[in-house]
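> Start from chain A and add chain B according to the hints.
Protein chains: 2
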Amino acid sequence: MPLKVDSIDEGLGTKDINIRSLSSSSHCQTQNTPYIHKVGVPPRQKLFKEFTSIVKETFFADDPLRSFKDQSKSRKFVLGIQAIFPILEWGRYYNLTKFRGDIIAGLTIASLCIPQDIGYAKLANLKPQYGLYSSFVPPLVYAFMGSSRDIAIGPVAVVSLLLGTLLQNEIDPLTHQAEYLRLTFTATFFAGITQATLGIFRLGFVIDFLSHAAIVGFMGGAAITIGLQQLKGFLGIQNFTRKTDIISVMRSVFSAAHHGWNWQTIVIGASFLSFLLFAKYLGKRNKKLFWVSAIAPLISVILSTFFVYITHAEKQGVQIVNHIAKGINPSSVDKIYFSGQYLLKGFRIGVVAGLIALTEATAIGRTFAAMKDYQLDGNKEMVALGAMNVVGSMTSCYVTTGSFSRSAVNYMAGCQTAVSNIVMSLVVFLTLEFLTPLFKYTPNAILAAIIISAVVGLIDIQAAILIFKIDKFDFIACMGAFFGVVFVSIEIGLLIAALISFAKIFLQVIRPRTAILGKIPRTAVYRNIQQYPDATQVPGVLIIRVDSAIYFSNSNYIKERILRWLTDEQEQLKAACQQRIQFLIVEMSPVTDIDTSGIIALEELYRSLQKRDIQLVLANPGPVVMHKLHSSDFASTIGEDKIFLTVADAVSTCSPKLAEEV
Amino acid sequence: MPLKVDSIDEGLGTKDINIRSLSSSSHCQTQNTPYIHKVGVPPRQKLFKEFTSIVKETFFADDPLRSFKDQSKSRKFVLGIQAIFPILEWGRYYNLTKFRGDIIAGLTIASLCIPQDIGYAKLANLKPQYGLYSSFVPPLVYAFMGSSRDIAIGPVAVVSLLLGTLLQNEIDPLTHQAEYLRLTFTATFFAGITQATLGIFRLGFVIDFLSHAAIVGFMGGAAITIGLQQLKGFLGIQNFTRKTDIISVMRSVFSAAHHGWNWQTIVIGASFLSFLLFAKYLGKRNKKLFWVSAIAPLISVILSTFFVYITHAEKQGVQIVNHIAKGINPSSVDKIYFSGQYLLKGFRIGVVAGLIALTEATAIGRTFAAMKDYQLDGNKEMVALGAMNVVGSMTSCYVTTGSFSRSAVNYMAGCQTAVSNIVMSLVVFLTLEFLTPLFKYTPNAILAAIIISAVVGLIDIQAAILIFKIDKFDFIACMGAFFGVVFVSIEIGLLIAALISFAKIFLQVIRPRTAILGKIPRTAVYRNIQQYPDATQVPGVLIIRVDSAIYFSNSNYIKERILRWLTDEQEQLKAACQQRIQFLIVEMSPVTDIDTSGIIALEELYRSLQKRDIQLVLANPGPVVMHKLHSSDFASTIGEDKIFLTVADAVSTCSPKLAEEV
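Protein sequence lines correspond, in order, to chains A and B. First residue of the first sequence? That's 3 in this note's numbering, and the numbers climb one at a time after it. First residue of the second sequence? That's 3 in this note's numbering, and the numbers climb one at a time after it.
The shape of chain A in the complex, shown without the other chains (with noise of 0.2 angstroms):
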């Protein structure tokens, strides 16, 4: 509405403008300026072609039809199978000495695994088995659809937590055990299906909205919590709280000191903590030694498993894993609940929790594809990765994704394909097949151990230092993350964590930066005078920089703030007794665009200048800018001749005729 209030006063202010940029543009034209490059308007683009364009910058942007270019359409059929199950394109140069790397691998990551699987299963609030039955199906599928080559999958950690933590809020999982499994695989079955729906829509810029920093916070917190829940079978305590803020848990703990710890447990759980960690610390300082603890959980269930088999320990109150169900694993697709109230919340579980092991997953693949220098399709892994949680909750496993840690082991015991995940699949299926009985004396505490010595690593203070030196704002989100985990619950700290990304986004778009330039001496190069103190400012001349685009949501702000910049300036000259602004040269080199406030909020900054009669001038504006100042007649309201290619352009051509005037 503005706009058309507005067009009462403008026929006036039109007038005005005009005999006042004739009479200047004469004043340019008399001088002898040096060379002087036009502005470039581009030749206007097709609206058609524009809309395209845009659509292949936000779900194209890493052009993935790139190799179907200029191809038969046999090649074309075969090459989409081949996007579809990269295994087919790859699988045709695997050779021997990659079976070597993949085996040896394979077999190093089953060893971390099982254990680990048998305890995470414990933090989801279900049967051991499933654990085992998450590291058997999801690989395989993986392995067939997946383009990372050392990501190693499987539950893990954070996601377990997650996701036992949003279940039991829902269903108790002691009381009703059946329903608790159906939600669970309702809750996998969305997930992969919110995974696979980014992927094929391409929406997986989605998980770029949790910082680098919220992640760090996030997970540090989540291995505190999960370390934490770790005290309940490392100490042998039998009533534990179901919450999982610290206050909760010391509580727990403190309240059983006197009659519920177990010393034979703290025993066994405190040696072998000692070993893993001791095996991680060397594993860590001569990185030839990594096997040493890749293969230390396995040796430590092995070892305490005897001992309290020959010892009968578990007489003595010290806890064990008992039964595991033997058998791979059995159909569970009518357990999904379709319909009814669970439907929803498991919809809404099946959402956070895939999106959670999502954005690990994808720090993963990243970080070792860019180690290892190659390609990875982030929306095509999410297919991958959705394609396999659906096919998990089918097949009686809770959600998977890549693991931090085995994946790190996978990369060092030398993997060079997928492969290492199905060696690890079929390790888990004899396992299934067959030692499920041999888990029985397995002591808890030893479980208890292995995953605080796993979660330890996801404690990055290192990480959390170079954020704070880095940037104060993202260590706020890091640590509100962190606390928001540790004091108060997972999901808590996964929405600060996103909140405070939020707003820093928001932040950056409604308050961005601006900056007065001034003359670097000896150059023609104009620049913030905060950053170089020897820049001059030319006088008579207010040179301000915007630096960002002008949209709706900060127009006003950079009017305003233009003219409180004007205003300061103004005053300082005042009180110095110098000569007053007659210029105003906006450098619009980093206004990569602008839309209609951003015209209106031009056209009002013009008009206020006026009335202080100060002459506006833009400096460099840019293609789509440029396209835009003219489609909105703004360029011939300020004038053509008032924009120029760079700033030192603009003031050569204003400060003769400021000398001129003095």
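Everything labelled a hint here was simulated from the structure, so no lab data went into it. Don't be surprised by glycine CBs; every beta carbon is placed ideally from N, CA and C. Be careful, since some hints might not be right.
Derived DEER-like restraints, expressed as beta-carbon distance ranges [unchecked claim]:
hint, chain 1, residue 1, chain 2, residue 2, range
1, A, 268, B, 633, 36 to 46 angstroms
2, B, 501, A, 333, 36 to 46 angstroms
3, B, 508, A, 346, 22 to 32 angstroms
4, A, 493, B, 178, 34 to 44 angstroms
5, B, 576, A, 288, 42 to 52 angstroms
6, B, 572, A, 523, 35 to 45 angstroms
In silico DSSO-like links for lysine-lysine, alpha-carbon gap of 30 angstroms or less [unchecked claim]:
hint, chain 1, residue 1, chain 2, residue 2
7, A, 129, A, 317
8, B, 286, B, 71
9, A, 317, A, 328
10, B, 613, A, 286
11, B, 100, B, 78
12, A, 474, B, 40
13, A, 471, B, 40
14, A, 347, A, 129
15, A, 289, A, 471
16, A, 613, B, 286
17, A, 471, B, 58
18, B, 245, B, 337
19, B, 100, B, 289
20, A, 471, B, 48
21, B, 474, A, 58
22, A, 474, A, 317
23, A, 78, B, 576
24, A, 474, B, 48
25, A, 374, A, 282
26, B, 51, A, 471
27, A, 58, B, 471
28, B, 576, A, 58
29, B, 40, B, 51
Relative to the frame of chain A, chain B by itself:
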């Protein structure tokens, strides 16, 4: 997490680089390059100072405390009181000349507002007197607290319709009249609280999130919807749909065509509508005759009432206003729901209605402030509007705000200060006390005609055309809001407008532009080669400008987009058998900020380039970026001598080296 795994590799990476940068820096130094100014590293800001400056720019961007600076305590107190009640400041300079302008303007808008109020109350499903109440108390409150000189306060069409629609979704206004009224006051109360809260906490920028284009579309759609609703009164239809979408309304209208239309009503309505539209046209063509259009509604009311009174047309089925309660606003403090199920509902409706009312008032305030060139503190305005609605909710008023049409009339009638609102308020007071019985025979058709002629002005086709010309994305938002309101409902239209506005912000944040630069002939200036087709690229060097701050939301995209530019360029060069690219210069002028994710992306970019044997060079990083490049040690990773003040400097340092190697 990625940081950590990265660091495994980085150890090797860094060593590699150091050798590299040493050898290349020695190259650079042996050349006799022209004077090259160093890139400024600003002094490290204190954490606290940095934080306060962010807070200041975000919440106190307009520097509202400027006038308080260097004042005595008692003076500060006086200024503080004046800030809350601006009337105390401008009232001291009030004089007879100003009063002359105000009294004429006040009488004019009073004559306009009385019939409108009666009609608008109907849109909100309220009895006519509530419209008049709302033009009595709120304008008085605003006159004391507001700082706009031109705004005319009262009920407005769009907010009335919005409020009516939202309220009747909760309570039926016919069967539960008392509860409906109570919920109305509850919503009004919370609308005021919302507005005042935003103002007090200086969060006024939230209303900037509804873009100008979305408002134009929303207003146009609302105008059409309101016009369609008037067909009920205009055609004298008894059974009318309570939905607002065009299809339901049209079905209502045509199903009533055979028996439900009242020809007497239509004749009265149509003749007066023609008169009103003609008066409007006259006022528009000749600005001096604006008063004709301003008093035409009152004249219509008087004439038609008199006509019905003498002909007793109400016995022929012409619907009339009938009874309007006499006397001024009764108290409604005890009617506001402060507990129970309606508290939350009233709150929700109040927030939405309050925000829309705020958007309208702010747009008006800004427009007229810009036209008369006075400053308006948006946040202070919000406090005034909020206070006015809170007081209103306690004195039987519903949500009021600034009216577009009446404010324009106020301005043209020569109002000088908010005293014109006081004059209007007094006229409404007299009307309530003495004149309400006179409206008994006023036909509803006249009110319908007045509303139609008022909302016609909200349809701003020229603004829509301008939006189409300037920005296609804005136009989509505009049309989305328009069709959403017209074809679905006013809430859905609002939601669409907000969503499209947000989508635009996100698009800006996640997909910033990048451009390849070339040297403009006869200058040392490097510009986008798309905008300047005569710009030439330097052989062996690729110059890419990144047009946005590098944040977590776009860091990965930017990295991959740069690599894609590089790949495209390399393929072209290969096809043309030209010199291969050895330097990639990233022009960072528009990169105003970078966060941890951005630094990581730069590191990954640097490593990818190394593998391709290309040297990364940065040109003109700003103060914040420079600071973070140093604190993260990235500056020393790529080498301080790879960071230049300008692209020209970077090229002049790189190209001798190229010449050497060729």
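> Now tell me if each hint is right for this structure.
Consistency of the hints with the structure:
1. A:268 - B:633: 36 to 46 angstroms: holds, 44 angstroms
2. B:501 - A:333: 36 to 46 angstroms: holds, 41 angstroms
3. B:508 - A:346: 22 to 32 angstroms: Once the Cβ atoms are compared, 26 angstroms apart, the range 22 to 32 angstroms for residue 346 of chain A and residue 508 of chain B holds.
4. A:493 - B:178: 34 to 44 angstroms: holds, 39 angstroms
5. B:576 - A:288: 42 to 52 angstroms: holds, 44 angstroms
6. B:572 - A:523: 35 to 45 angstroms: Given range 35 to 45 angstroms: holds, Cβ gap about 39 angstroms.
7. A:129 - A:317: holds, 22 angstroms
8. B:286 - B:71: violated, 46 angstroms
9. A:317 - A:328: Within the cut-off at roughly 24 angstroms; holds.
10. B:613 - A:286: holds, 26 angstroms
11. B:100 - B:78: OK: residue 100 of chain B and residue 78 of chain B at ~28 angstroms, within 30 angstroms.
12. A:474 - B:40: holds, 26 angstroms
13. A:471 - B:40: holds, 23 angstroms
14. A:347 - A:129: This hinted pair holds, its Cα atoms lying about 22 angstroms apart.
15. A:289 - A:471: holds, 28 angstroms
16. A:613 - B:286: holds, 26 angstroms
17. A:471 - B:58: holds, 22 angstroms
18. B:245 - B:337: holds, 27 angstroms
19. B:100 - B:289: holds, 21 angstroms
20. A:471 - B:48: Holds, at roughly 12 angstroms.
21. B:474 - A:58: Status holds; Cα separation ~16 angstroms.
22. A:474 - A:317: violated, 54 angstroms
23. A:78 - B:576: holds, 25 angstroms
24. A:474 - B:48: Since the Cα atoms of residue 474 of chain A and residue 48 of chain B sit roughly 11 angstroms apart, the hinted pair holds (cutoff 30 angstroms).
25. A:374 - A:282: holds, 24 angstroms
26. B:51 - A:471: holds, 16 angstroms
27. A:58 - B:471: Holds - the C-alpha atoms of residue 471 of chain B and residue 58 of chain A are around 22 angstroms apart, at most 30 angstroms.
28. B:576 - A:58: It holds: about 25 angstroms lies between the C-alpha atoms, which stays within 30 angstroms.
29. B:40 - B:51: At roughly 26 angstroms apart (the allowed maximum being 30 angstroms), residue 51 of chain B and residue 40 of chain B satisfy the hint.
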